[in-house]
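Q: Protein chains in written order, with this note's numbering: chain Y, 1 to 80; chain Z, 81 to 477.
Hints in this document: simulated from the structure, not taken from any laboratory.
Nothing here was measured: the structure is a model prediction, and the numbers come from that model.
The beta carbon of each residue, even a glycine, is placed where N, CA and C say it ideally should be.
Each hint should be verified, as a subset may be incorrect.
To be verified - Pairwise CB distance ranges, derived in the manner of DEER restraints:
1. W179/Z to G68/Y: 52 to 60 Å
2. A12/Y to N303/Z: 15 to 23 Å
3. V70/Y to G390/Z: 24 to 32 Å
Here is what each chain is made of, one letter per residue.
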Amino acid sequence: MADIAIKVIIRADQMGQTEVLCKRLSDIGLHVDTTMPEIGVIFGHGDAGILADVAKAEGVISAEAEGGVVLAPMPKDTPK
Amino acid sequence: MTNPLLDALRPQPTGGLIVTFKEGVEHAHQEGCLRDAVGAGVRTLSADDPCIGQINPDVPSVLIGSAGIGVVSDAVETQAAHQRLLTHDVVQDVRPEFWMFALDVFEDTAEATWGLQAVGAPADEAAGRGIKVCVLDTGIDLGHPDYEGRQIVARSFVTGETENDGNGHGTHCAGSAAGRSPSGNVPRYGVAPGAELYVGKVLGDQGSGRERDILAGMLWAINEGCEVISMSLGRAVREGELPSQDYERLGQMALDRGSLIIAAAGNDSARRYGYVAPVGAPANSVSIMAVAAVDQGLDVAEFSSSGVNGQGGEVNVAAPGVGVFSSVPMPELYRILRGTSMACPHVAGVAALWAARDANLRGQRLWQRLVDSAQSLPLAERDVGRGLAQAPSVAVS
Numbered sequence: 001m002a003d004i005a006i007k008v009i010i011r012a013d014q015m016g017q018t019e020v021l022c023k024r025l026s027d028i029g030l031h032v033d034t035t036m037p038e039i040g041v042i043f044g045h046g047d048a049g050i051l052a053d054v055a056k057a058e059g060v061i062s063a064e065a066e067g068g069v070v071l072a073p074m075p076k077d078t079p080k
Numbered sequence: 081m082t083n084p085l086l087d088a089l090r091p092q093p094t095g096g097l098i099v100t101f102k103e104g105v106e107h108a109h110q111e112g113c114l115r116d117a118v119g120a121g122v123r124t125l126s127a128d129d130p131c132i133g134q135i136n137p138d139v140p141s142v143l144i145g146s147a148g149i150g151v152v153s154d155a156v157e158t159q160a161a162h163q164r165l166l167t168h169d170v171v172q173d174v175r176p177e178f179w180m181f182a183l184d185v186f187e188d189t190a191e192a193t194w195g196l197q198a199v200g201a202p203a204d205e206a207a208g209r210g211i212k213v214c215v216l217d218t219g220i221d222l223g224h225p226d227y228e229g230r231q232i233v234a235r236s237f238v239t240g241e242t243e244n245d246g247n248g249h250g251t252h253c254a255g256s257a258a259g260r261s262p263s264g265n266v267p268r269y270g271v272a273p274g275a276e277l278y279v280g281k282v283l284g285d286q287g288s289g290r291e292r293d294i295l296a297g298m299l300w301a302i303n304e305g306c307e308v309i310s311m312s313l314g315r316a317v318r319e320g321e322l323p324s325q326d327y328e329r330l331g332q333m334a335l336d337r338g339s340l341i342i343a344a345a346g347n348d349s350a351r352r353y354g355y356v357a358p359v360g361a362p363a364n365s366v367s368i369m370a371v372a373a374v375d376q377g378l379d380v381a382e383f384s385s386s387g388v389n390g391q392g393g394e395v396n397v398a399a400p401g402v403g404v405f406s407s408v409p410m411p412e413l414y415r416i417l418r419g420t421s422m423a424c425p426h427v428a429g430v431a432a433l434w435a436a437r438d439a440n441l442r443g444q445r446l447w448q449r450l451v452d453s454a455q456s457l458p459l460a461e462r463d464v465g466r467g468l469a470q471a472p473s474v475a476v477s
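Sequences and hints are given; from them, build the entire structure.
A: This is the structure:
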């Protein structure tokens, strides 16, 4: 399966335990890139096949492919 | 008790009458009634009449037979005609004819854009002073002459790109929120030109960005103590989709720390085809204010997303988002754009004006003031929220 960027949201009561969570997720196969402990979000990447296991990990609310934003092109008749 | 102001504002009659005939009454019968009431001189109009737009005011009455409507001119004795018409049982209603006027339509002038006029932005060039307004977007053109010499705190969260705007979207949005008053023949286009401008580049020059960069930019703006954070970006959501917890946590953190995050509702509707899209993310978060777009006639913009989803997915306020003039990078300098992206920084600018006026207006209290002071519009709340965002009548600079 393809390597994808993954966003993990952890439970509010686990927000002080981000390092522990990162270790747990690494063991599943997530390569952690960035953590935002203030809001309980971990960004990483890994094989798409690990997504379901990451989502089921203890302390995790959700895990999904990281989204993004794409603005409409700049011509003035296209709403921005 | 009568209200003298309402009395002064009541519609003014022309002196003529509008007559409505009951359904199914034959044309000849309608014409006979009018002739009986006003004498000779009933003129009949039909849709293919080449003179339909040139009715001589001296013609005593006009009959639009196909619609069952008659008009009695003020050139006749209308009081007597009124009484006479009411004696005919085929007449459903007789009422005064009123003068009609074009509804308010805002236009750009030499002094200010229509958007600034619509939100009541003051002419004061220092309006919004002391308030940090952060625009999270594609960056800003720091070489633009309108930003020359201005203290701008800018940071890029996009890997491999500086804070310079290679797209134009960010410079346009920053201009609407807090662009300074340019000289020469360019109208004023920034709502709060005195505000301290923070720019977080979270979208690359191609106009796209990763969520991690956007969230990092939001955190930065909150930690920098920006009272107002403007986000003209987002993604579409499905009907029934709930807000993301990460944006929700950041929105709540912002409110708790005295910041207000304002986001564009989205441009995913196609109202001419009857499709109304839900407010996108992150504007659909409970703790993030969602802004819809209105046009120069204060009608909801064709593309503006709507409060289809509850639980944060409501539109909170509306602002100018069609035909919006603002700055874009050199060498073009200015461009007119449309979108809820353009409406959002108008509200951010208005928020800065309120925040500058009262130091207690921060976070949730600032949110409340914005919705309480919005000008009610005769449109569905799900489309425009509480109405058109309005600046305080006397801004503090």
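Q: Each hint should be assessed against the structure and marked as holding or not.
A: Hints, verified against the model:
For W179/Z and G68/Y, the Cβ-Cβ distance of about 54 Å falls inside the hinted range of 52 to 60 Å, so the restraint holds. Between A12/Y and N303/Z the CB atoms are about 20 Å apart, so this pair conforms to the stated range of 15 to 23 Å. One distance hint, 24 to 32 Å for the beta-carbon pair V70/Y and G390/Z, holds here, with the actual separation near 26 Å.
Taken one by one, the earlier hints all hold for this structure without exception.
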